[in-house]
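J.: Under my numbering, the first residue of the sequence shown is numbered 752, with each subsequent residue one higher.
If you are wondering where the hints come from, they were derived from the structure by calculation, not from laboratory data.
Values in this document were obtained by computation on a predicted structure and should not be read as measured data.
Treat each hint with caution, since some may be false.
Straight line, CA to CA, 16 Å or less: simulated EDC-like cross-link-like pairs of lysine to aspartate or glutamate [unchecked claim]: (1) Lys766 to Glu814; (2) Lys797 to Glu818; (3) Lys851 to Glu901; (4) Lys846 to Glu800; (5) Lys939 to Glu800; (6) Lys948 to Glu901; (7) Lys789 to Asp821; (8) Lys937 to Glu974; (9) Lys937 to Glu884; (10) Lys766 to Asp821; (11) Lys993 to Glu835; (12) Lys851 to Glu818; (13) Lys846 to Glu805; (14) Lys766 to Asp755; (15) Lys797 to Glu784; (16) Lys937 to Asp905; (17) Lys851 to Asp905; (18) Lys846 to Glu784; (19) Lys948 to Glu921; (20) Lys846 to Glu884; (21) Lys939 to Glu916; (22) Lys769 to Glu818; (23) Lys797 to Asp821; (24) Lys939 to Glu884; (25) Lys789 to Asp755; (26) Lys769 to Asp755; (27) Lys937 to Glu916.
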Amino acid sequence: MQIDVINTLLYEDLKVFKYPIIYRGFNLIMLVESGTCKVTLGDKKKSFELHAGEIALMPANTEIHREVIDALTFYQIAFYTNLENPIYRVALSGKLVLTKEQSDVIFQSIRRAYPLTNNNELIEQIIGYIFTENYLFGKSKKDSPKVLSEAVTDTIQYMNQHLSERIEMEYLAERVYLSHCTLIYKFKNELGTTPAKYLIHLRLRYAKHLLMTTNYSITQISEMCGYSNPFYFTNAFHKYAKKNPTDFRAYHLKDKK
């Protein structure tokens, strides 16, 4: 899931929204630290309240009404993504119904990432985590439209659990009782990419996370992400992140020094 962050803002002890009615060509995510607000989305006037520890998606190209009920402190992230991505579309209900454990991890991450100057990559990782958790494990999943097939969902979960291992595409298909060609068709139809390319995306996204949050060597990270050859890993990472792993780590960790 490609995510491009525009900005991340922190509003503290807000008593009233300067612009209570907004319409944007990009998405907004609100993460409420304290207080309460009421949000109404679109022509259908779907309303809900957001309280401390809760998260909501305000989709692009939607009229949004916001009202402060109790003094509000919240993070607001503006970003672009593919509006047709099924994992994104499951979140269109607005308020995300995650477990307390999931929300705690997300809020801890945003608190640590926000003060950093070059934090867009970290914020993008957090947004991706929010959408993935909401789709795969969120309590609202049962009430959401099933936009990814069971075969694709199961395959993605397996990939995430075995990123350090050699994964054969034929085996992935056999696991879900499909031919290789049928699994490719399902991935292209539902996610717009092939299983092999999606696996590369997951591995390199995980590599970004490890580079920014651990002291593992490049060789160790390449192995943890399923690459037996560090040179091949470096080339693949450069194509993905537009920087080699060493430069990427230096750029994103310089604020911590």
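J.: Against the earlier hints, flag every one the structure doesn't satisfy and list their numbers going up.
T.: 1, 3, 5, 6, 8, 9, 11, 12, 14, 15, 17, 21, 23, 24, 25, 26 and 27
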